[in-house]
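Visitor: Dock chain B against chain A, hints included.
There are 2 protein chains.
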Amino acid sequence: MTMPTTDVKIDELSNEVASTKQLVVQKFGGSSVSDAEGIKRVAQRVVDAQKAGNEVVVVVSAMGDTTDELLDLAAQVTDSAPAREMDMLLSAGERISMALLAMAINKFGASAQSFTGSQAGMITDGIHGKARIIDVDPHRIRTALDKGHIAIVAGFQGMSRTTHEITTLGRGGSDTTAVALAAALEADVCEIYTDVDGIYTADPRVVSTAQKIDRISSEEMLELAASGAKILHLRCVEYARRFGVPLHVRSSFSQKEGTWVIPGAEEKFTIEEGVALEQPIISGVAHDRSEAKVTVVGVPDIPGKAAAIFQVIADAHSNIDMIVQNVSTHGTGRTDISFTLPIVEGADALTALRAAEGKIGFESIEYNENVGKLSLIGAGMRSHPGVSATFFKALSDAGINIDMISTSEIRISVVTSADALDDAVRAIHAAFELDGDSEATVYGGTGR
Amino acid sequence: MTMPTTDVKIDELSNEVASTKQLVVQKFGGSSVSDAEGIKRVAQRVVDAQKAGNEVVVVVSAMGDTTDELLDLAAQVTDSAPAREMDMLLSAGERISMALLAMAINKFGASAQSFTGSQAGMITDGIHGKARIIDVDPHRIRTALDKGHIAIVAGFQGMSRTTHEITTLGRGGSDTTAVALAAALEADVCEIYTDVDGIYTADPRVVSTAQKIDRISSEEMLELAASGAKILHLRCVEYARRFGVPLHVRSSFSQKEGTWVIPGAEEKFTIEEGVALEQPIISGVAHDRSEAKVTVVGVPDIPGKAAAIFQVIADAHSNIDMIVQNVSTHGTGRTDISFTLPIVEGADALTALRAAEGKIGFESIEYNENVGKLSLIGAGMRSHPGVSATFFKALSDAGINIDMISTSEIRISVVTSADALDDAVRAIHAAFELDGDSEATVYGGTGR
Numbered sequence: 178m179t180m181p182t183t184d185v186k187i188d189e190l191s192n193e194v195a196s197t198k199q200l201v202v203q204k205f206g207g208s209s210v211s212d213a214e215g216i217k218r219v220a221q222r223v224v225d226a227q228k229a230g231n232e233v234v235v236v237v238s239a240m241g242d243t244t245d246e247l248l249d250l251a252a253q254v255t256d257s258a259p260a261r262e263m264d265m266l267l268s269a270g271e272r273i274s275m276a277l278l279a280m281a282i283n284k285f286g287a288s289a290q291s292f293t294g295s296q297a298g299m300i301t302d303g304i305h306g307k308a309r310i311i312d313v314d315p316h317r318i319r320t321a322l323d324k325g326h327i328a329i330v331a332g333f334q335g336m337s338r339t340t341h342e343i344t345t346l347g348r349g350g351s352d353t354t355a356v357a358l359a360a361a362l363e364a365d366v367c368e369i370y371t372d373v374d375g376i377y378t379a380d381p382r383v384v385s386t387a388q389k390i391d392r393i394s395s396e397e398m399l400e401l402a403a404s405g406a407k408i409l410h411l412r413c414v415e416y417a418r419r420f421g422v423p424l425h426v427r428s429s430f431s432q433k434e435g436t437w438v439i440p441g442a443e444e445k446f447t448i449e450e451g452v453a454l455e456q457p458i459i460s461g462v463a464h465d466r467s468e469a470k471v472t473v474v475g476v477p478d479i480p481g482k483a484a485a486i487f488q489v490i491a492d493a494h495s496n497i498d499m500i501v502q503n504v505s506t507h508g509t510g511r512t513d514i515s516f517t518l519p520i521v522e523g524a525d526a527l528t529a530l531r532a533a534e535g536k537i538g539f540e541s542i543e544y545n546e547n548v549g550k551l552s553l554i555g556a557g558m559r560s561h562p563g564v565s566a567t568f569f570k571a572l573s574d575a576g577i578n579i580d581m582i583s584t585s586e587i588r589i590s591v592v593t594s595a596d597a598l599d600d601a602v603r604a605i606h607a608a609f610e611l612d613g614d615s616e617a618t619v620y621g622g623t624g625r
Numbered sequence: 178m179t180m181p182t183t184d185v186k187i188d189e190l191s192n193e194v195a196s197t198k199q200l201v202v203q204k205f206g207g208s209s210v211s212d213a214e215g216i217k218r219v220a221q222r223v224v225d226a227q228k229a230g231n232e233v234v235v236v237v238s239a240m241g242d243t244t245d246e247l248l249d250l251a252a253q254v255t256d257s258a259p260a261r262e263m264d265m266l267l268s269a270g271e272r273i274s275m276a277l278l279a280m281a282i283n284k285f286g287a288s289a290q291s292f293t294g295s296q297a298g299m300i301t302d303g304i305h306g307k308a309r310i311i312d313v314d315p316h317r318i319r320t321a322l323d324k325g326h327i328a329i330v331a332g333f334q335g336m337s338r339t340t341h342e343i344t345t346l347g348r349g350g351s352d353t354t355a356v357a358l359a360a361a362l363e364a365d366v367c368e369i370y371t372d373v374d375g376i377y378t379a380d381p382r383v384v385s386t387a388q389k390i391d392r393i394s395s396e397e398m399l400e401l402a403a404s405g406a407k408i409l410h411l412r413c414v415e416y417a418r419r420f421g422v423p424l425h426v427r428s429s430f431s432q433k434e435g436t437w438v439i440p441g442a443e444e445k446f447t448i449e450e451g452v453a454l455e456q457p458i459i460s461g462v463a464h465d466r467s468e469a470k471v472t473v474v475g476v477p478d479i480p481g482k483a484a485a486i487f488q489v490i491a492d493a494h495s496n497i498d499m500i501v502q503n504v505s506t507h508g509t510g511r512t513d514i515s516f517t518l519p520i521v522e523g524a525d526a527l528t529a530l531r532a533a534e535g536k537i538g539f540e541s542i543e544y545n546e547n548v549g550k551l552s553l554i555g556a557g558m559r560s561h562p563g564v565s566a567t568f569f570k571a572l573s574d575a576g577i578n579i580d581m582i583s584t585s586e587i588r589i590s591v592v593t594s595a596d597a598l599d600d601a602v603r604a605i606h607a608a609f610e611l612d613g614d615s616e617a618t619v620y621g622g623t624g625r
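Protein sequence lines, in the order shown, are assigned to chains A and B. Under my numbering, the first sequence has 200 at position 23, and the numbering climbs by one with no breaks. Under my numbering, the second sequence has 331 at position 154, and the numbering climbs by one with no breaks.
FYI, nobody ran anything at the bench for these hints, they're computed from the structure. Careful, some of the hints might be misleading.
Which copy is meant is left open, so a pair is good if it fits within one copy or across any two.
Straight line, CA to CA, 30 angstroms or less: simulated DSS-like cross-link-like pairs of lysine-lysine [claimed, not checked]:
1) K324 x K198
2) K433 x K307
3) K228 x K536
4) K324 x K407
5) K570 x K324
6) K570 x K198
7) K198 x K389
8) K389 x K482
9) K307 x K284
10) K536 x K389
11) K228 x K284
12) K307 x K324
13) K324 x K536
14) K570 x K284
15) K536 x K570
16) K536 x K407
17) K433 x K389
18) K307 x K570
19) K570 x K228
20) K228 x K482
21) K228 x K307
Isolated chain A, as found in the complex (with noise of 0.2 angstroms):
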């Protein structure tokens, strides 16, 4: 009686499959697809991630020049288009290249489907230009990977819970389409693909010897990210940080490993590393000159005054970053509030709180698009004195003038003028010994 024996081998042997078998979702950014060349060299990189066992799920944004033609087309039509009808327009160029890219991938032998973002089950709000991610449904996805079929989603895109219109989602969309569907796939790994091999420990354009970093905690990450750090978007790790979906940033180029971001790994990180727990881990420096400088002067010093100011700024769907108030001086019992946000939401901003001017009762508004915010990164920084310390004494050494300065747990940021943040993101690099060895390779743009 051999039955037994050959029942267990069995078990073991599916027992594996299952265990190597994974869900992988895969981002293409627009330089990635660029033309059917890149196409093909995605579609090749697809057909072998499924060939490796795996269930393949891939997101694209729109082919290279495809949105800043449409655009164009836009501009030569009307210079105040509705929004509404901005994302039934845009929202051709994903499914162009997500066809494309289907097509590439059956001529290599594989199986696979494209999916629009309301066909994906990418529920939005009603926000044309930059919709919010309510829910997702990818039960077609789902059946899709359940046939054998590779399934090919629709970045940036999807459909409005209530009107049923059709939605974009704003800077970093196509990233979060990414994420949101790993997240709802329960996705292994959520891999996004870019033209640099990883996050780095600074600019490489400023930074010569700056670092890849191997493994970063989302928490990080999401610091990075907020602070201008530009190959991931502030709302896809915020995503991914929420509902545990690793990420991998890795080059469509090359098959090295990239940066892996991981949902609340600090403290197994550190352990894993060998470094004493003691020690505060600094993860890298990150700059960002997309933010204005907005100082309301004049503010009556009575609560409720700033959360007026905020709420007009809400109101008009702009995304504050730092905030500083001064306290009340010269005896007038007012004050000034200073703010970031988007240079791009700046005439937005300035538009509503002009209009709030009675209600508020400031004096005047000054606006500074020539500023920039340079911020570093790094767990168990508040509890170590040292680190604010070597801060800005590095700043001071190398004269550069402080305009706001904003901390958390772990992160210090500094706003500057533009002219001197290069000086102050080579400076702070070196004080904290970040510095290696080998030039990085120098960044490029990123996709929508």
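Guide: Coordinates of chain B only, in the frame set by chain A:
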């Protein structure tokens, strides 16, 4: 007491408004919206139609070269694109043109919203690339009109009922979208805008003295379209006839009246135009070089063989036009069956026939693309032997050889060699005294 009088006046006024307010569906092809200037010109025309007091629904094709560009991209990626993905790709074209048109209309001070085929409720079967409309549920369009919007609808596309996949309607798809929407919305008229000013008694590129037809019945238009007149597609005319939708074919470059195609209106016209009731009314001469002639040689002359052949062709989704079966000759108990079908469907049909060779038991297949079809269309033709006598004498006098003959109540068609076709068209046009005094505008291309 003047109250009653006032009441009556108000009633009269509202009656008048109700009677002049029409629901108009306008269809613009790709050549009308080939660039930003074209889109703005169409937008102005659409806005004018609404300002004149109408509810307006607009169906658009993809911009000028967009479809060719997308097909070229697909060809760079694969030589065997899955039909599902080709539909996904091509449907992006209308999404671009309709969003831009909606933007331009908004710029001109009216309010427009664009809708994809599935949003507009165009429900089709699941045959990708040549789907058939099986239902139209235009409730979102009706709602948009009720709110005072102009509704822009993507031509050429729909969604399959069972699988919810995106489909395209194939040749003549945009015209058919327009007529189907007009029928579902009970529109007063469906205007088909093109780059010529109406339907002519013959193709003006072949017959320079061809005249514009002011009014024609759906039945005659059906025969003209089926016989190769390129301005209106057969499907669109069939749909309009079945649902009683009046068509108005006109130029997007002028305000002139074009050709009205009126369902079931032959007799009324005959009386109105003051022509003697017993005279045949010749509408025009159509020709067609897009078909090939297939002869299945040596088919066993037993019941069911012809049906078997045509079932094979139908299963390959090919549309057979003319059919001629020779009498069984040579004492062989075998016969030849000839038919014509679109050249683009020739390869698939031949493959299907050859695969069925064993089952059907024919001897060989002859295939000839170098043929042309000429058709004379007119009401009351069958009951006037003089018509066919004049017809065949004119061809004989011009030295034209005839390959196949087919007739209907209001049409005579012959197949000739492609080289002889233009001479044949001119001979017939002159023989039936259709020549006008002035040179006609030359025909352009047609959209999809």
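Visitor: Take the hints in turn and mark each one as holding or not.
Guide: Results for each hint:
In this assembly of identical chains, the alpha carbons of K324 and K198 lie at most 30 angstroms apart only when taken from the same copy (15 angstroms versus 53 angstroms across copies). Taking identical chains as interchangeable, the C-alpha atoms of K433 and K307 are never at most 30 angstroms apart, the minima being 34 angstroms within one chain and 45 angstroms between chains. Proximity of K228 and K536 under a CA criterion of 30 angstroms is satisfied in neither setting, with 63 angstroms inside one chain copy and 41 angstroms between copies. For a Cα distance limit of 30 angstroms, the shortest separation of K324 from K407 qualifies neither inside one copy, at 37 angstroms, nor across copies, at 43 angstroms.
Taking CA atoms no more than 30 angstroms apart as the test, K570 paired with K324 passes in neither setting, with 61 angstroms inside one copy and 64 angstroms between copies. When the C-alpha separation of K570 and K198 is checked against a cutoff of 30 angstroms, the pair qualifies neither within a copy, at 51 angstroms, nor between copies, at 77 angstroms. In this assembly of identical chains, K198 and K389 lie within 30 angstroms of each other by CA distance solely inside one copy; the values are 29 angstroms within and 68 angstroms between copies. Taking the shortest alpha-carbon separations for K389 and K482, neither the intra-copy value of 44 angstroms nor the inter-copy value of 73 angstroms comes in at or below 30 angstroms.
For the identical chains of this complex, K307 and K284 are inter-copy neighbours only, at 22 angstroms across copies versus 35 angstroms inside a copy, given an alpha-carbon limit of 30 angstroms. Taking identical chains as interchangeable, the C-alpha atoms of K536 and K389 are never at most 30 angstroms apart, the minima being 50 angstroms within one chain and 68 angstroms between chains. For the identical chains of this complex, K228 and K284 are intra-copy neighbours only, at 15 angstroms inside a copy versus 51 angstroms across copies, given an alpha-carbon limit of 30 angstroms. For the identical chains of this complex, K307 and K324 are inter-copy neighbours only, at 25 angstroms across copies versus 34 angstroms inside a copy, given an alpha-carbon limit of 30 angstroms.
Taking the shortest alpha-carbon separations for K324 and K536, neither the intra-copy value of 60 angstroms nor the inter-copy value of 34 angstroms comes in at or below 30 angstroms. For the identical chains of this complex, K570 and K284 are neighbours neither inside a copy (59 angstroms) nor across copies (56 angstroms), given an alpha-carbon limit of 30 angstroms. With identical chains, the CA atoms of K536 and K570 are never at most 30 angstroms apart, being 43 angstroms at best within one copy and 91 angstroms at best between copies. For the identical chains of this complex, K536 and K407 are neighbours neither inside a copy (37 angstroms) nor across copies (65 angstroms), given an alpha-carbon limit of 30 angstroms.
Taking CA atoms no more than 30 angstroms apart as the test, K433 paired with K389 passes inside one copy only; the shortest distance there is 12 angstroms, against 69 angstroms between copies. For the identical chains of this complex, K307 and K570 are neighbours neither inside a copy (40 angstroms) nor across copies (71 angstroms), given an alpha-carbon limit of 30 angstroms. Taking the shortest Cα distances, K570 and K228 never come within 30 angstroms of each other, neither inside one copy (54 angstroms) nor across copies (70 angstroms). Taking the shortest alpha-carbon separations for K228 and K482, neither the intra-copy value of 60 angstroms nor the inter-copy value of 48 angstroms comes in at or below 30 angstroms.
Taking identical chains as interchangeable, the C-alpha atoms of K228 and K307 are never at most 30 angstroms apart, the minima being 36 angstroms within one chain and 34 angstroms between chains.
Violated hints, listed in ascending order, are 2, 3, 4, 5, 6, 8, 10, 13, 14, 15, 16, 18, 19, 20, 21; each of the other numbered hints is respected by the structure.
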